[in-house]
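As they're listed, the protein sequences go chains C and S. So the first sequence is residues 3 to 184, counted in this note's numbering. So the second sequence is residues 23 to 550, counted in this note's numbering.
No lab work stands behind these hints: they were computed from the structure. Quick caveat, the model's predicted, so the values are computed rather than measured. Note that CB positions come from ideal geometry on N, CA and C, so glycine has one too. Heads up, a few of these hints could be off.
As the list claims (entries may be wrong) - With a straight-line cut-off of 25 Å between C-alpha atoms, the simulated SDA-like cross-links for lysine to any residue are:
1) K158(C) x P399(S)
2) K161(C) x T47(C)
3) K120(C) x F253(S)
To be verified - So, partial list: chain S residues that the calculated Cβ filter (under 8 Å) puts toward chain C:
4) P238
5) V272
6) W274
7) V382
8) G439
9) M441
What the hints assert, rightly or not - Reference listing, derived: stretches of chain S covered by chain C, where coverage requires no fewer than 3 residues with Cβ under 8 Å from a Cβ of chain C:
10) 80-88
11) 245-254
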Amino acid sequence: MSELPLRRLVGRLLAVVVVMFCFGVFVLPPFYDAMCQAFGINGKTAGAYQGEQRPDESRLVRVQFLATNAAGMVWEFRPVADELLVRPGEPRDMLFVAHNPSDRPMTAQAIPSVAPAKAAAYFHKTECFCFTQQVLQPGERIEMPVRFIVDRDLPKDVKHLTLAYTLFDITARKPPVAQATP
Amino acid sequence: MSAVIDHGHAGHDHHGPAKGLMRWVLTTNHKDIGTMYLWFSFAMFLLGGSMAMVIRAELFQPGLQIVQPEFFNQMTTMHGLIMVFGAVMPAFVGLANWMIPLMIGAPDMALPRMNNFSFWLLPAAFTLLVSTLFMEGGGPNFGWTFYAPLSTTYAPESVTFFIFAIHLMGISSIMGAINVIATILNLRAPGMTLMKMPLFAWTWLITAFLLIAVMPVLAGCVTMMLMDVHFGTSFFNAAGGGDPVLFQHVFWFFGHPEVYIMILPAFGAISSIIPAFSRKPLFGYTSMVYATASIAFLSFIVWAHHMFTVGIPITGELFFMYATMLIAVPTGVKVFNWVTTMWRGSLTFEAPMLFAVAFVILFTIGGFSGLMLAIAPADFQYHDTYFVVAHFHYVLVPGAIFGIFASAYYWLPKWTGHMYDETLARLHFWMSFIGMNLAFFPMHFLGLAGMPRRIPDYNLQFADFNMVSSIGAFTFGVTQLLFLFIVIKCIRGGKPAPAKPWDGADGLEWTVPSPAPYHTFSTPPEVK
Chain C
3 MSELPLRRLV
13 GRLLAVVVVM
23 FCFGVFVLPP
33 FYDAMCQAFG
43 INGKTAGAYQ
53 GEQRPDESRL
63 VRVQFLATNA
73 AGMVWEFRPV
83 ADELLVRPGE
93 PRDMLFVAHN
103 PSDRPMTAQA
113 IPSVAPAKAA
123 AYFHKTECFC
133 FTQQVLQPGE
143 RIEMPVRFIV
153 DRDLPKDVKH
163 LTLAYTLFDI
173 TARKPPVAQA
183 TP
Chain S
23 MSAVIDHGHA
33 GHDHHGPAKG
43 LMRWVLTTNH
53 KDIGTMYLWF
63 SFAMFLLGGS
73 MAMVIRAELF
83 QPGLQIVQPE
93 FFNQMTTMHG
103 LIMVFGAVMP
113 AFVGLANWMI
123 PLMIGAPDMA
133 LPRMNNFSFW
143 LLPAAFTLLV
153 STLFMEGGGP
163 NFGWTFYAPL
173 STTYAPESVT
183 FFIFAIHLMG
193 ISSIMGAINV
203 IATILNLRAP
213 GMTLMKMPLF
223 AWTWLITAFL
233 LIAVMPVLAG
243 CVTMMLMDVH
253 FGTSFFNAAG
263 GGDPVLFQHV
273 FWFFGHPEVY
283 IMILPAFGAI
293 SSIIPAFSRK
303 PLFGYTSMVY
313 ATASIAFLSF
323 IVWAHHMFTV
333 GIPITGELFF
343 MYATMLIAVP
353 TGVKVFNWVT
363 TMWRGSLTFE
373 APMLFAVAFV
383 ILFTIGGFSG
393 LMLAIAPADF
403 QYHDTYFVVA
413 HFHYVLVPGA
423 IFGIFASAYY
433 WLPKWTGHMY
443 DETLARLHFW
453 MSFIGMNLAF
463 FPMHFLGLAG
473 MPRRIPDYNL
483 QFADFNMVSS
493 IGAFTFGVTQ
503 LLFLFIVIKC
513 IRGGKPAPAK
523 PWDGADGLEW
533 TVPSPAPYHT
543 FSTPPEVK
């Protein structure tokens, strides 16, 4: 029977332990992100639009907009319209309104999600306030644009899409730069 | 076989245990460490059990009567954590420490000092964990699965202590597992080939590989939590570009093999006990080994069945559903082999056998409810209801816990040198059996009717079944004090046990006298 010396055996087992730790921390999260990108899992939207920018006149898709505040977020946050009827392949714009009612400058980050999940991979944002963080001074109100294209390859049975944003208060993590003149 | 074993004072280095407290602190003897593991596990079993009593007392009637919802959440969380990491896992490590060297003819574990360290990490880890209950803001209240962001963004301040406690438990388990692998691979007596080992050694070898594969992933998971809580990373924080669902994937990548870590050693022990009391060799030894290995392999590719409702593509749901159902095949092989071992055997029903037979029947019930949960479309109805609670208590209580009781009664004569009180032990069995079924069977109906888990209050329609369930739980809980009494009585005295108290038993452990001398197999036995 080929037995490893104890020291080498334990060394190999410890190596397995280290490899599995790194697998959990350094492999699983990027792999999960890659899977989400590939399959549109969890409403993560697709990247740049590659298809032709010609509207598909044969069908209309209803795109609904949702704006939600994460727990502890005090901003007023809403879309200017509840829904749009769009043709796949046609770039469209939407505005979201944000208002900081508090008495301190705050930073916010919006996280988008598209439902149903199988449609997420066919939803492309070419411009979005979620690409950056928003800093609002006390009482300040802004309109934030999002420009999107629904893919012409969107499955025919999807007639209804929801673009939902959740707004998180990240003031603690990214303090707004103090303004020189109040 | 026994003729070649010399238990006299032949070796010049033969000595007994040191005296006093330091014997236990400094010991590197596998029997001492096994004993400490078993006592520690029993203490944690009582602690986790008393938390279950709080839960069942609150759920005795609808409405909030005894505890506040915040404390209730801490009780469900701590009950789960303590039972999984404090009671079941250390009990099996204790059994491994005691029995594996005796079963394979080794003088001790391969790494005795590490063995001591891996045990003594546990009291430290659980002191840390339990101390959080007394901290401002309370202890962990996010469920034993500690899903982010409940355990990160919305966690009580004490979560850092929880994270370090999990780290310590993980290190302890990993060291224990390395020790078991090294012992089994390097210290077997001459002639003890792998396929001659008792199944307990086999299932523990496979369990140990599962442990070193997934405990580091759990450590990585809580490390990422720690980074998110204190160092501004966003692994699980949607606001920073992370994803809370990633937490569930990482957790269950650990968590599903973990449930087999808690049951495979019991499979091994039962595979020794049923042949002993059937007076027949185990049916299908080789298939048992391969079935165990198959279960271990499959456990790595089924984790997402715990999270069917998070929004997985339909192909993913189908894959995880079929892969999960596939586990029923090797498990079915095992149940078939146990039943066939009993078939036409000369059965007697001493306490170990009672627990073993109950194990086979009740674990199978838990397996069937697991199959129901594996059906992805049906799981949307069962998810997070009491049906899930019923399912995993049916596999863990009559599975893991009854397996441990069966092992304890089976090997107590070897450990103590005395026979335990058979009448009391049978009473312990029947009270446990009735109490356990009364506690957990109604939970199936509650879950199917839609009662959610982890909620301190419930709709009036669930009142009767909850009361029955609580009565059963109290019965089961009190009965375990009887077990403590039986064990203490057995240690203090009783009919002297012969080297082999069970006439149908087989294995090297029965070739040494009872109680097993402090040092055994200093000269390796010869295995035919």
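Consistency of the hints with the structure:
no., hint, in the structure
1, K158(C) x P399(S), "24 Å, holds"
2, K161(C) x T47(C), "17 Å, holds"
3, K120(C) x F253(S), "34 Å, violated"
4, P238, "4 Å, holds"
5, V272, "5 Å, holds"
6, W274, "11 Å, violated"
7, V382, "33 Å, violated"
8, G439, "32 Å, violated"
9, M441, "38 Å, violated"
10, 80-88, "violated (count 0)"
11, 245-254, "holds (count 3)"
Violated hints for the displayed structure, listed by number in ascending order: 3, 6, 7, 8, 9 and 10.
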